[in-house]
Structures are given as structure tokens and as C-alpha cells.
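Engineer: Given next are the chains, with one letter for each unit.
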Amino acid sequence: MSFPWAKQYTPTTEFGQWMDKQLPLPRFIYNSVGAGYPAPRNLNYMWNFGSLAGLFLVVQIVTGVILAMHYAANANIAFDSVEHIMRDVNSGWMIRYAHANGASFFFIAIYLHIGRGLFYGSYKAPREMLWLLGVVIYLLAMATAFMGYVLPWGQMSFWGAKVITGLFEAIPLVGKPIQELLLGGFAPDNAALNRFFSLHYLLPFVIVGVVIMHIWALHIPGSNNPTGVDVKGPQDTVPFHPYYTAKDGWTIGLALIFFTALMFFLPNALGHADNYIPANPLSTPAHIVPEWYFWPWYAILRAFTFDFLFIPAKLLGVLAMFSAILVWFFLPWLDKSPVRSGSFRPKFKIFFVILVIDVLVLGYCGGAPAEEPFVMISQLAAAYYFAHFLIILPLLSSLEKPEPLPNSITESVTGKPLKTAS
Amino acid sequence: MATVETADTAVAEEGGVRRRDFINIAAVSFAGAGAVATVIPLVNQMNPSADVLALSSIEVDISAIESGQSIKTSWRKQPIFIRNLTEKEIAEANAVQISELRDPQTLAERTTAGKENWLITLGVCTHLGCVPLGAAQGEIKGEYGGYFCPCHGSHYDTAARIRKGPAPKNLEVPEHEFLSDTVVKIG
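The listed protein sequences correspond, in order, to chains A and B. Sequential numbering of the first sequence, starting at 8, is according to my numbering. Sequential numbering of the second sequence, starting at 1173, is according to my numbering.
Derived by calculation from the structure, the hints in this document are not laboratory data. Do not rely on the hints blindly, as some may be mistaken.
A short list of chain B residues far from chain A (calculated; beta carbon distances all over 10 Å) [unchecked claim]:
id, residue
1, Ala1236
2, Ala1267
3, Ser1271
4, Pro1346
Keeping only pairs whose Cα atoms sit at most 20 Å apart, straight-line, the calculated EDC-like set for lysine to aspartate or glutamate is [what the hints assert, rightly or not]:
id, chain 1, residue 1, chain 2, residue 2
5, B, Lys1244, B, Glu1344
6, B, Lys1249, A, Asp95
7, A, Lys321, A, Glu187
8, B, Lys1336, B, Glu1264
9, B, Lys1357, B, Glu1231
10, A, Lys254, B, Asp1193
Simulated DEER-style distance windows between Cβ atoms [to be verified]:
id, chain 1, residue 1, chain 2, residue 2, range
11, A, Val215, B, Ile1197, 29 to 39 Å
12, A, Ile284, B, Ala1226, 47 to 57 Å
13, B, Ala1222, A, Gly191, 32 to 42 Å
14, A, Gly23, B, Ala1203, 22 to 32 Å
All figures in this text were calculated on a predicted structure; none of them were measured in a lab. Ideal Cβ positions, reconstructed from N, Cα and C, are used throughout, including at glycine.
Assemble the whole structure, with the sequences as input and the hints as a guide.
Structural biologist: Dropping the structure here:
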């Protein structure tokens, strides 16, 4: 697809030739993740998290389809049906813990994948569409994870649903009707639970569809690389298979070790004990927080404790929270620096590290109780977060003097100027 | 990259197996075994769960069933027929030539010794699983005075053995045990 020197698929068996004429699926696989896709030879381990996110998406779909065989989306019995899965269904406890922790691993992979894109400028031309599709996947994953967390119908499920749909109430004039429309009632109940279940089952397949487009968009320019320098010739690439299939396979093995360790030995470490209490519409848990992967955005939501002009604090928080992610859609046009890789941008490098720390601080505050000093820290960190994207990046583009780039990927790998192509 | 390949090829040409071949086979086999091990619980979850298996035996009070009467009850969500055979029905069942039967069994083999009048069978036709008629009062008992399946016309005799129609087997006798003269445990 991408480079003229890509290996060509040539079926050797008679069946392979017959298949290639009728449905060239093996050719498609060969060209997307086989020897027919030349990838830069210098990809580092940060390039392994795309395949890991894909792995955990598959884990979630497989375990989720199985859980749906035993789960009952009815407010009266949903909680009990989850306990039925935990106690009665053969290996049900394992499958549910795999699903609950698989969500966390999916987000770990996706956050590192996004961080890689941010540092190495993978969102810059000619990969803007690739980046935009990635942001869409992330938004879909957030919606899916949120609705999935409601399904066990414990205290955190119920109050999470109440709080998140309450965000829509902040919209002026039509807020209340929209919230009632989303819930199918005045508070989360059977109607909400059923539609969340329906959508929680649907959205992962929508994600798969967008992932396919994401990979399609990747294969047109080909992968970015740690130098950010374009591929110039065959000496700069290696075939995806066996080089990166083997490398991805190795980190898949590693990830599964960490995943099973958490799943078998600390299955509830990332959850909340309150969610093992059946939903009670008359009593809110003392300390209500979302799952860890939403904490930074939750901190931004809670940072707005003051009205601004005519906008009430509640609406401000909601707008800020959504804007924090929507700003990523504009990133390719906010960062105008022609140098992709952060490795050659001395000032960007520093601000990138500050941004990572800032998001970690936001995450910590999002998981902490809504009291001082966390509110004030959240406010400062939220302000910095937006400043990074809206002020620092555009300014850096023109003020920063990047370091000299290597002439080619091969030169950066071998440390020698390129003489002959071998 | 080119040099590495050359070195490996040289070893292979000497007739040996490359280290990489071994690593490749070992890694893929390990992953394959892991995948198979993972599939086992993912499939096994479809087997009956603990709460379903907990219903696997029931105790039935049969003291109220008079001679010639039968009741329907439910075991593992399937109908069970418990029939108190009359002397005449027992005689009819014993009069049949075993060799003429499609699924040869005597009444004695299908009942508990000393309690030959208690015929306990699944109410599930062995053809395609319908519930045969004949257990409730007023229902058609078929040409042989036992049970009759209305779906495809299988006739069972007074020992619930298949006599006519498409069913291949006699009505199944579940494992059962008399706890006393009036209580039977099924399953």
C-alpha cells in the first residue's frame, strides 16, 4: 500500500491462487500486518501500545459477549445476576474479573499510545486523519466504559449514572429534558439500565469499525517513527512480519502476565468496594469517584467552583471537561512546528514532561475527595492543561529552534552518513 | 539486517537447525497451548451453572396417587410422569414378547424391585422431545394404554415402552430411589 518496495503477495498454492481471485483476504492481511507492510526500522517500544490496545479490545469483546450470556439487564435482578456470575457460573468470576480489569488495561494501553502520538508528533501532516480517528476511538471507549460500569447496578454504578447524566442538565434551557430523555425517567432506573446495556454491547463493534479505519489511515502514509523523519528508501524499513509481529508478540506476552497477575491476585484493586452494595436511590456513597481512567477529566469538571460572567459554574465545569478532550481534535493545527519528533525539540520536550506531570496531578486530584487543597490544585492544573494546548504549543511552533534532524532513519540508527543502499 | 540473514542462512546450509527455528517453534507452541488453555473456561462457562445443578434432585410425595392414577411433576425443568400402575396394566406390560419390542426392556428393569407398580419416566418423547399425553385424567393414552405423543404419533405401552410411531427409544426412566413407601427421590 505505502511504499513501492513493499513485498508483493504471491500465493504459492493452487487454493491460495483461487482464493486470491475470489476474495483476496490473505492478500489484505499480508499487506496490512504481514510482510507486505514496510515499517520504519527504528520503532521503539512506544510503538507497541497500538497492538496492545487492540488485544485488550478483543479481550473485552470476548469476555463481554460471554458475560452477556449470564447477565440480566433488569434493575430488579441486575445486581443479583452479577453475583450469580461470580458464584454460580463456571469460571464466571474469572471472566468478570478479566472484563473489569481488561477495561483498565485497555485504557493503560490507549493512554500510552496517545502519549506516544503527542511526543513524537504523530498527529502532524500527513497523519491528521489518523489522529482524529484515534480521538474518536477514545471518546467511544469512554462512553462504552462508562455505560459498562453502570451495568452491575451497585452503588457506584447508580450514582455514576446519575452524576454523568446530570452533566447534561447543565445545558441551558434544554438540559433537563435532555437528561430525562437520556435516562428515560427522572433518575436512573430500568429504562436507563436497558439502554445502557444495549449501547454497551453495540459500541465496541463501532470501535472495531473505527479501528479498521484508523489502521487504514495509518497504512497510507505508513508509520511515524522516533526521529519523525520520513522514510526515504527501502533501507529505512523492515517488513512488518516477522519483525514487528514478533516484537508485538513479545509485549503481548508481557502485558498478559501483568494482566493475569492483577486479575487473579488483585482483582478488585482498581474497583470500588461501594459497588458491591446494591444500588440505593435514597443514599449516596460518602466518596463518589469514577474509575481511575476518568480521574483527570473528573478533576477538571470539579475545578470550576465559580460562576464566570453569566455562565454558571456547573455549565463551565461540563464545558471544560468536554473541551479538554475535544481540544485534541484541533491539535494538528495548534502545533505548527514542522518538526514531528519531540526528541529534536528541546523546549517542547520540557513542556511535554510538564504536561504529563500535570495530567497525573489532575488524575490524583480527580480521585481525591472534593475538598481543599485538591480543588485549588485542580484549578491550577486544569488551567495549565488548556494553556499547554492553546498557548504554549502555538507559541513554541514559532519561538523554538529545533535541533538538526538526521538525514534519514538509517543514518540515525547506524550513526554513519548513508553512502550506499544496503 | 542483510548481514544477519546471511549468517543464519550459512548455518542452515550446513544442515543444522537454526537457533531461531527452535525459538520460533517453542514460542508459537507456548502461545498455542496458552490459547487452548484459555478457551477451556471460555467454553465451559456455557455448561450448567452451580445454581442449575443444585436443582438436580427432587423428592416427591406419592402417597396421594391411587392405583391407576398418575401425576406430572417437574425435574430439571423437564416433565416427570409418576404412574401408579393397576394390576391389569402390569399384566399387560408383562404379557408382551420382549423380542418384539423396538427397545427391549421388561417392566421389572424399568421399575424398582418390590415396587413394580410405580412407573417413573421422563415426560419427554424420545422422538423430538414433545410431552406425550396420557398422564392427566381424560388424556388419550394411545393404542397400547400408556402414553401417546401428539406431535408425530408415537404410542407407548403401560411400561412406557415405544410400540408404534417414529420414536426410537422407550421413555427414559430417571435415576430414582424410594426413601420410604411414600417418598421417592428423583435424580
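Engineer: Against each hint, give a clear statement of whether it holds in the structure.
Structural biologist: Results of checking the hints against the structure:
1. Ala1236: Non-interface label stands for Ala1236 of chain B: nearest chain A Cβ at 34 Å, farther than 10 Å.
2. Ala1267: holds, 48 Å
3. Ser1271: holds, 45 Å
4. Pro1346: holds, 23 Å
5. B:Lys1244 <-> B:Glu1344: At roughly 15 Å apart (the allowed maximum being 20 Å), Glu1344 of chain B and Lys1244 of chain B satisfy the hint.
6. B:Lys1249 <-> A:Asp95: holds, 18 Å
7. A:Lys321 <-> A:Glu187: Given that 20 Å is the threshold and the Cα spacing comes to 18 Å, the pair holds.
8. B:Lys1336 <-> B:Glu1264: holds, 16 Å
9. B:Lys1357 <-> B:Glu1231: Between Lys1357 of chain B and Glu1231 of chain B the Cα gap is close to 4 Å, so the pair holds against 20 Å.
10. A:Lys254 <-> B:Asp1193: Answer holds: Lys254 of chain A to Asp1193 of chain B is near 16 Å, not above 20 Å.
11. A:Val215 <-> B:Ile1197: 29 to 39 Å: holds, 32 Å
12. A:Ile284 <-> B:Ala1226: 47 to 57 Å: About 26 Å separates the Cβ atoms of Ile284 of chain A and Ala1226 of chain B, which means 47 to 57 Å is violated.
13. B:Ala1222 <-> A:Gly191: 32 to 42 Å: holds, 34 Å
14. A:Gly23 <-> B:Ala1203: 22 to 32 Å: holds, 24 Å
Hint check: a violation occurs at hint 12 only; the rest are consistent with the structure.
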